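Colleague: Given these sequences and hints, build the entire structure.
Protein sequences appear in the order of chains A and B.
The numbering used here numbers the first residue of the first sequence as 99 and each following residue consecutively.
The numbering used here numbers the first residue of the second sequence as 99 and each following residue consecutively.
Calculated directly from the structure, the hints in this document are not laboratory data.
There could be a bad hint or two in this list.
Heads up, the list lumps identical chains together, so a pair's fine if it works in one copy or across two of them.
Unchecked claim - Restricting the straight-line Cα-Cα distance to at most 20 angstroms, the calculated cross-link-like pairs of lysine to any residue (SDA-like) are:
{"id": "1", "residue 1": "Lys239", "residue 2": "Val119"}
{"id": "2", "residue 1": "Lys239", "residue 2": "Glu227"}
{"id": "3", "residue 1": "Lys239", "residue 2": "Asp113"}
{"id": "4", "residue 1": "Lys239", "residue 2": "Asp209"}
{"id": "5", "residue 1": "Lys239", "residue 2": "Gly220"}
{"id": "6", "residue 1": "Lys192", "residue 2": "Thr153"}
{"id": "7", "residue 1": "Lys192", "residue 2": "Ser242"}
{"id": "8", "residue 1": "Lys239", "residue 2": "Ala127"}
{"id": "9", "residue 1": "Lys192", "residue 2": "Glu212"}
A quick note: this is a predicted structure, and the numbers were derived from the prediction, not measured.
Protein chains: 2
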Amino acid sequence: MASDPGSAEGVADGDVVDALVQLSFEVQAALTRATDGHDLSLTQVRMLGVLRDRTPGARELADHLGLTASSTTGLLDRAERRGLVARAPDLRDKRAVTVSLTTGGREVALDVEERMAREVGGLTAELDESQRRQLVQLLRKLLSGVGASGSTG
Amino acid sequence: MASDPGSAEGVADGDVVDALVQLSFEVQAALTRATDGHDLSLTQVRMLGVLRDRTPGARELADHLGLTASSTTGLLDRAERRGLVARAPDLRDKRAVTVSLTTGGREVALDVEERMAREVGGLTAELDESQRRQLVQLLRKLLSGVGASGSTG
DNA sequence: CGAATATGGTTCGTGCCACGTAGTACTGTC
DNA sequence: GACAGTACTACGTGGCACGAACCATATTCG
Numbered sequence: 099m100a101s102d103p104g105s106a107e108g109v110a111d112g113d114v115v116d117a118l119v120q121l122s123f124e125v126q127a128a129l130t131r132a133t134d135g136h137d138l139s140l141t142q143v144r145m146l147g148v149l150r151d152r153t154p155g156a157r158e159l160a161d162h163l164g165l166t167a168s169s170t171t172g173l174l175d176r177a178e179r180r181g182l183v184a185r186a187p188d189l190r191d192k193r194a195v196t197v198s199l200t201t202g203g204r205e206v207a208l209d210v211e212e213r214m215a216r217e218v219g220g221l222t223a224e225l226d227e228s229q230r231r232q233l234v235q236l237l238r239k240l241l242s243g244v245g246a247s248g249s250t251g
Numbered sequence: 099m100a101s102d103p104g105s106a107e108g109v110a111d112g113d114v115v116d117a118l119v120q121l122s123f124e125v126q127a128a129l130t131r132a133t134d135g136h137d138l139s140l141t142q143v144r145m146l147g148v149l150r151d152r153t154p155g156a157r158e159l160a161d162h163l164g165l166t167a168s169s170t171t172g173l174l175d176r177a178e179r180r181g182l183v184a185r186a187p188d189l190r191d192k193r194a195v196t197v198s199l200t201t202g203g204r205e206v207a208l209d210v211e212e213r214m215a216r217e218v219g220g221l222t223a224e225l226d227e228s229q230r231r232q233l234v235q236l237l238r239k240l241l242s243g244v245g246a247s248g249s250t251g
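Modeller: In structure tokens form, the structure reads like this:
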């Protein structure tokens with residue numbers, strides 16, 4: 099079925115799906131690879147990414163990550179234990195907490211992000227500039243229509 | 099920075115990475131969505147996929163999934179408990195086991211695969227035929243160069 | 001003001017995922 | 001027939017995510 103990878107003909111319906119799925123796994127693998135040596139989950143990495151620009155409360159963080167509050171508590175516990183993030187009391191709201199990167203956490207975040215860029219970027223090694231540009235535009239168009247409405251009709 | 103989703107200009111280096119990462123998460127989300135109602139993890143789904151064409155031993159299955167033997171035992175335990183797969187003694191090798199889909203498991207596998215195709219396919223709703231074809235070709239080219247050699251070079 | 005309610009977080013228990021380290025049962029080899 | 005290797009399982013660890021129950025504080029409203 100999945101025969102000529104380079105041929106211009108015979109692009110069936112399932113091929114798009116196949117390619118997208120395969121790609122997504124490759125990207126995830128690349129992302130995971132980028133965390134080698136840091137022993138971080140993708141969720142942790144995403145959290146660090148969020149915290150690069152913000153100092154949110156746990157709830158806000160949870161929203162950014164698409165997690166429940168309780169999941170976030172655990173996530174924070176583990177990250178805090180590793181010295182990546184710190185919880186500080188919110189001055190305005192005594193129930194709340196603000197989460198921020200520690201210095202170490204920031205270092206890790208930067209390192210991982212850099213490596214991710216390299217790893218994921220490396221995936222496009224086979225493409226030349228114009229193809230890369232083409233790809234970005236296609237993906238942007240694709241992504242622009244996601245999350246809008248239901249898909250199953 | 100990540101502004102005009104449709105503009106032809108200003109495709110920077112990080113944009114490819116961004117787009118790929120975002121896409122990969124969307125695809126994973128779509129895959130997960132496809133399992134709604136079945137309460138399956140992606141690993142379980144992958145396993146069902148492998149078992150569609152084969153009746154491997156646990157070890158072989160583990161290799162296909164990139165897991166250790168012990169992880170696979172647990173995976174099988176849970177899947178078996180749900181009536182998705184069955185372990186049968188290997189006639190030639192009394193240590194070994196052959197894993198196969200149950201009727202119910204096959205049904206689930208087919209259903210999920212179909213829904214995956216729909217969900218993932220639905221992601222490309224914004225693209226027309228020619229764009230879809232373009233995308234497939236770009237992705238194939240991209241994928242053809244993956245897993246070959248080191249990437250960080 | 002004070003009671004009712006909503007919100008931010010945590011705790012606890014559940015289940016899954018993946019691993020490593022034994023162990024058991026068998027296979028193949030010498 | 002001993003011995004190394006293989007197939008699988010058992011057990012314990014740790015992470016991820018969830019829901020329900022639960023404080024403590026905020027907010028709303030009578």
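Colleague: Are the hints correct? Go through all of them and say.
Modeller: Here is what the structure says about each hint:
1. In the homo-oligomer, the alpha carbons of Lys239 and Val119 lie at most 20 angstroms apart both inside one protomer (18 angstroms) and across protomers (15 angstroms), since each shortest distance falls under that limit.
2. Taking the shortest Cα distances, Lys239 and Glu227 sit within 20 angstroms of each other both inside one copy (19 angstroms) and across copies (13 angstroms).
3. In this assembly of identical chains, Lys239 and Asp113 lie within 20 angstroms of each other by CA distance both inside one copy and across copies; the values are 19 angstroms within and 13 angstroms between.
4. In the homo-oligomer, the alpha carbons of Lys239 and Asp209 never lie at most 20 angstroms apart, since the shortest distance is 30 angstroms inside one protomer and 29 angstroms across protomers.
5. For the identical chains of this complex, Lys239 and Gly220 are inter-copy neighbours only, at 13 angstroms across copies versus 22 angstroms inside a copy, given an alpha-carbon limit of 20 angstroms.
6. In this assembly of identical chains, Lys192 and Thr153 lie within 20 angstroms of each other by CA distance solely inside one copy; the values are 16 angstroms within and 58 angstroms between copies.
7. For a Cα distance limit of 20 angstroms, the shortest separation of Lys192 from Ser242 qualifies neither inside one copy, at 39 angstroms, nor across copies, at 55 angstroms.
8. In this assembly of identical chains, Lys239 and Ala127 lie within 20 angstroms of each other by CA distance solely across copies; the values are 18 angstroms between and 24 angstroms within a copy.
9. In the homo-oligomer, the alpha carbons of Lys192 and Glu212 never lie at most 20 angstroms apart, since the shortest distance is 37 angstroms inside one protomer and 50 angstroms across protomers.
The earlier numbered hints that this structure contradicts are 4, 7, 9.
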